[in-house]
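4 protein chains.
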Amino acid sequence: MIDELSATRRGFGSDNHSGVHPDVLQAILVANDGHVPAYGDDVFTEQATAILKGHLGDDIDVRFVFNGTGANVSSLAALCPSWGSVICAETAHINVDECGAPEHIAGVKLVPVATSDGKLTPELVKPHLTGFGFEHHAQPSVISVSNAAEFGTAYSPAELRALADLAHEHGMRLHVDGARIANAAVSQGVSLREIVTDAGVDALSFGGTKNGMLAGEAVVLLGDARTEALPYIRKQSTQLASKSRFMAAQFIAMFEGDLWERCARNANEMAAYLAAGADALPGVEVTQKVQANEVLVVLPQKAIAPLQERWRFHTWDQAASEVRWVTSWDTVREDVDALLADLAKLID
Amino acid sequence: MIDELSATRRGFGSDNHSGVHPDVLQAILVANDGHVPAYGDDVFTEQATAILKGHLGDDIDVRFVFNGTGANVSSLAALCPSWGSVICAETAHINVDECGAPEHIAGVKLVPVATSDGKLTPELVKPHLTGFGFEHHAQPSVISVSNAAEFGTAYSPAELRALADLAHEHGMRLHVDGARIANAAVSQGVSLREIVTDAGVDALSFGGTKNGMLAGEAVVLLGDARTEALPYIRKQSTQLASKSRFMAAQFIAMFEGDLWERCARNANEMAAYLAAGADALPGVEVTQKVQANEVLVVLPQKAIAPLQERWRFHTWDQAASEVRWVTSWDTVREDVDALLADLAKLID
Amino acid sequence: MIDELSATRRGFGSDNHSGVHPDVLQAILVANDGHVPAYGDDVFTEQATAILKGHLGDDIDVRFVFNGTGANVSSLAALCPSWGSVICAETAHINVDECGAPEHIAGVKLVPVATSDGKLTPELVKPHLTGFGFEHHAQPSVISVSNAAEFGTAYSPAELRALADLAHEHGMRLHVDGARIANAAVSQGVSLREIVTDAGVDALSFGGTKNGMLAGEAVVLLGDARTEALPYIRKQSTQLASKSRFMAAQFIAMFEGDLWERCARNANEMAAYLAAGADALPGVEVTQKVQANEVLVVLPQKAIAPLQERWRFHTWDQAASEVRWVTSWDTVREDVDALLADLAKLID
Amino acid sequence: MIDELSATRRGFGSDNHSGVHPDVLQAILVANDGHVPAYGDDVFTEQATAILKGHLGDDIDVRFVFNGTGANVSSLAALCPSWGSVICAETAHINVDECGAPEHIAGVKLVPVATSDGKLTPELVKPHLTGFGFEHHAQPSVISVSNAAEFGTAYSPAELRALADLAHEHGMRLHVDGARIANAAVSQGVSLREIVTDAGVDALSFGGTKNGMLAGEAVVLLGDARTEALPYIRKQSTQLASKSRFMAAQFIAMFEGDLWERCARNANEMAAYLAAGADALPGVEVTQKVQANEVLVVLPQKAIAPLQERWRFHTWDQAASEVRWVTSWDTVREDVDALLADLAKLID
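Here the protein sequences line up with chains A, B, C and D, keeping their order.
By the count of this note's numbering, the first sequence reaches residue 453 at its end, each step adding exactly one.
By the count of this note's numbering, the second sequence reaches residue 453 at its end, each step adding exactly one.
By the count of this note's numbering, the third sequence reaches residue 453 at its end, each step adding exactly one.
By the count of this note's numbering, the fourth sequence reaches residue 453 at its end, each step adding exactly one.
Treat the hints with care, since some could be wrong.
As the list makes no split between identical chains, a pair holds if one copy fits it or if it spans any two.
[Said to hold, decoys possible] Derived DSBU-like pairs: lysine-lysine, alpha-carbon spacing no greater than 30 Å straight-line:
| hint | residue 1 | residue 2 |
| --- | --- | --- |
| 1 | Lys-158 | Lys-407 |
| 2 | Lys-394 | Lys-407 |
| 3 | Lys-231 | Lys-394 |
| 4 | Lys-450 | Lys-394 |
| 5 | Lys-407 | Lys-231 |
| 6 | Lys-158 | Lys-450 |
| 7 | Lys-158 | Lys-231 |
| 8 | Lys-231 | Lys-450 |
Calculated from the structure, these hints are not laboratory results.
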């Protein structure tokens, strides 16, 4: 019966619309043998943890969780007391797409900062570094950035380092929402270690789902941001999986033959190809740097609705006729060509 | 590489130690075709919801979540204001195995009640029905039971109805932690509708993971306990899956040919078989009714540690030499026989 | 011993630096006779409630609390679910001066909006009225304004009505942080009913402490914003006073002979007198409308530190050489003259 | 107008029904002179803090708060992470009289323990010292006792020391809800230092209101339980008073000439006198040790309602015909004699 329900078309609505990479599914199948201890006390978790340490260094604590909101909430709760504040871009996922979970569960205060490209800079952050030691003021405790950011832009290691240095000078921490960390690393042409550990990041929400997994992210605490509280935080945040072997098996698969990198590279390349094609069309303008797998683009107003009848994607800014397209690990040139062809017809 | 990590042995440590039923995995594979909208806006979710309505009635709201703690927290938040209290057995999962998540996330107060068998009765609950309208006192708002309970006992529809009536007389709600609701229904020889809807239950945490799924539970609100707040509660509790089709596909598979019932029936039968075999051994005593897939049993003290070297299971009550064995959807008679043979040898 | 500790000078640091009006102290003394039921079940509370109903209308619920943060947290918890958001000025007390209490206790999300004068307008609010019904987004539930605002500006009844209408059109509520509601009413030349009830306000944090009381505020819910949950919310927010008669007695005194109005009028007049005097000095510029008891003023940079050696007041904007002076119910012309004289000397 | 509202009768309903000691009111009057910095930055706070250090030792942190629930919530938040649990008597104020504030604001889990006299012992606590390091289980972090307890019983320094030692052996803390700490000290014939600091207490909610103050308690953290987080916790818990001088002035008065001790001694002596008188009546039985200012007593059922028509007091246990009488700093022998005379008449 399920067969009849399945869709076959690939679109540009979100990388969450894509399915699971076959290698990840295969790893789940292979892991599905006999009884295995639950809640992380299994060899798959052990191996997946070792793999992540191989990439990010030994001085980390890794905990697998279900989804990005869970990873972000657990990370922030580990870094920030309830009387602390988290400085983030106004457009950050934690600010606009988590239904207040950081405030409600971690109990923290978010301090949103307006940006032009979804990215924080030391200059943007500095005006908010006030009120230290003043009991009336939520204490600035964390700078949180998304890498890649929600506009399809990405931070370089140097840009992160500048934010990490600023945070550390003030006794604060740098958190990276890495739902698309693979896309960011590929975009910057650097290793995970270079864009996380070496850049001074204190906590990472390591994304897997958008990059070809079924469901799975990891909370990674680095260096002296590590805390024995993390297991309790994860459990209390409802993010501890019972049949944990399957979370870990997915991560193991993602690192076999650098699958994470191949998936992200494809998505990034397809985004670049899409952006180039779109930009060549009359009345179409790509509005942000395409540094990951998202393309923000202004379309002729008249083209948007008809195009959305054939393709599912979000209107980003109604007033500006700006929409967002997202490519995935499984996007192929034919998908892009089809979208652009449809668009070209509507523009004529 | 994963192959070498896999275990093959089946044990009695927990139903969470078991893997995924092949039909469930197959459904995941079939669902993995093309792009599909995320976050529940997909045909799989639509179908799985329809199936559950077929079983529980149309007047329900169903939301799929990742795990049992998430289902319980979301259910309680939907039923109980922050100034409300939840009356539960002292041994309830929400009280002892969720690291304070109900208190922390739903913000509610738990009122634990001592029981002999893990089950609440109206007589046990009534002394706690006090302080209504008294602003100093957290307002009794929910009676929460686990069915099956953590001792392997189960509530009949009549027992639930008595608790539901008591709750409703006081303007309260009845919540069922149904991590093992399938085992309870099979145990009582009734349909899901009889043991949930018809018994007056207001909210159900519908369990899937322990009964053969990879990861997946559902929050079900019934009748006038339904609330438009549920989607926000789920999202804010970090329990909204992005690639939601895979959550739903698992549930669809669980209801194909009543797989849920077959899995639970096997687990229950194996528990009965295990209990009978154990009870026949000298110095071994089954201490609770075996109405689901858990066997609580007192062993000779000297046998416990050696047996745990070969079989992973929890000591339930150190002082009483009481341990807990759990059977699963995949337990076979040979597994039980092997455990009992090892135990018999240790008792000699 | 206490005598030696007492200060005698009146300054411009904050209206919280002022003491208690003698009539309020007298009321406390008079109330201090014999035993009286606690927690609001007393004739003083009854009378104070009746007085407030006389001013604001019968369709209100009044609960006395200790302080402004408590009043705001209780008000917001009564108006807004945990998955709701509260739109407020970036400079609102709830956003910058309550150490994250609204987020932590009410569990809500704040959406800060940049303003030029501390006041929200429908135009400023509208861009944030998005995401209704979208489960990822905290649901816009409350517009919260401070009247008088933190810049010394005040909302007219018409301005409030416009915000109330906007809120109600979207199923939202209008909350007023009225720590200085008396100053606002006097400033606008209207009654409390006109600036609260008739303006469409749904909830008011009614301020007493800054206007001559020892400690005491009230949460007022109006019309269909009333909820039976309020007593529990107040108690759970730690804001229920045991010896409640003394909270109520202060309020009774504040309404004897319109003491609230006389106190606020004096503070407002002294602020106007101060602003006029300051503005006449060379290099000094009053930067905001003086509509209550606060004066924001740019001083010659060189004058600030020496003046702060003699007078305690806050630097509002370091970069702009802007400081804040606050007048009180007990400020007299001689105090203002002394401040201005000191300032004039420093400017020369 | 207030005059007509005043009551003159003294009763036995609660020590919260009593008023303010004249010396405390006088201190408030004296402190009401001129402008003084707010929020604790004043000489009264400085002096009151110094006085408490004189009594409890220099290695403490003192923060004044409004009420007992606020003191308890702030104390627990300072001692216990959100994933921690607080072991307390089932009858503890934090468990039954704070409307879930500890769970909601501090986010902690309470573990209530049944007792016969409202007092915990190491034997009662030990069974709950389980699950350390087990992420599913809220981590036992605090033992919380009320001294004097809600039954009118009191802990000796030795009893507290035993609990403190038990707590410290397990890396936990001992919290004392000292709403009636003065009554406990007087009852045990020891100094505050002996019954707090020297007994190994880590945190104390120091009560003032019940013992003759208008409103005021203090959070005291001792030794290595001190934390820089306390000011933020207090502020975030809505418990920071703006006109803080008046909180401090009350405490200063309470320590002038050992007023705290005189008030508590009177209340305790009147309770003993009342208990002795009651116990001598036929059919009347004092049910708990009278070690502070509360008397639990079984009355003939027929006498309760008529007596409550003349005297306001709580029925403690309906089924057992048990009621609670509380004496205050201002109770005199004539009050007790009047109550007993009325009772005697009803028993005849």
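So, going through the hints one by one against the coordinates:
1. When the C-alpha separation of Lys-158 and Lys-407 is checked against a cutoff of 30 Å, the pair qualifies neither within a copy, at 51 Å, nor between copies, at 41 Å.
2. Taking identical chains as interchangeable, the C-alpha atoms of Lys-394 and Lys-407 lie at most 30 Å apart only when both belong to the same chain, with a minimum of 24 Å there against 46 Å between chains.
3. With identical chains, the CA atoms of Lys-231 and Lys-394 are at most 30 Å apart both within one copy (24 Å) and between copies (29 Å).
4. Taking the shortest alpha-carbon separations for Lys-450 and Lys-394, only the intra-copy value of 25 Å comes in at or below 30 Å, while the best inter-copy value is 56 Å.
5. Proximity of Lys-407 to Lys-231 under the C-alpha cut-off of 30 Å is restricted to the inter-copy arrangement: shortest distance 25 Å between copies versus 42 Å within a copy.
6. In this assembly of identical chains, the alpha carbons of Lys-158 and Lys-450 never lie at most 30 Å apart, being 50 Å within a copy and 44 Å across copies at closest.
7. Taking CA atoms no more than 30 Å apart as the test, Lys-158 paired with Lys-231 passes in neither setting, with 33 Å inside one copy and 39 Å between copies.
8. Within a single copy, Lys-231 and Lys-450 get their C-alpha atoms no closer than 47 Å, and across copies no closer than 35 Å, so neither meets the 30 Å cut-off.
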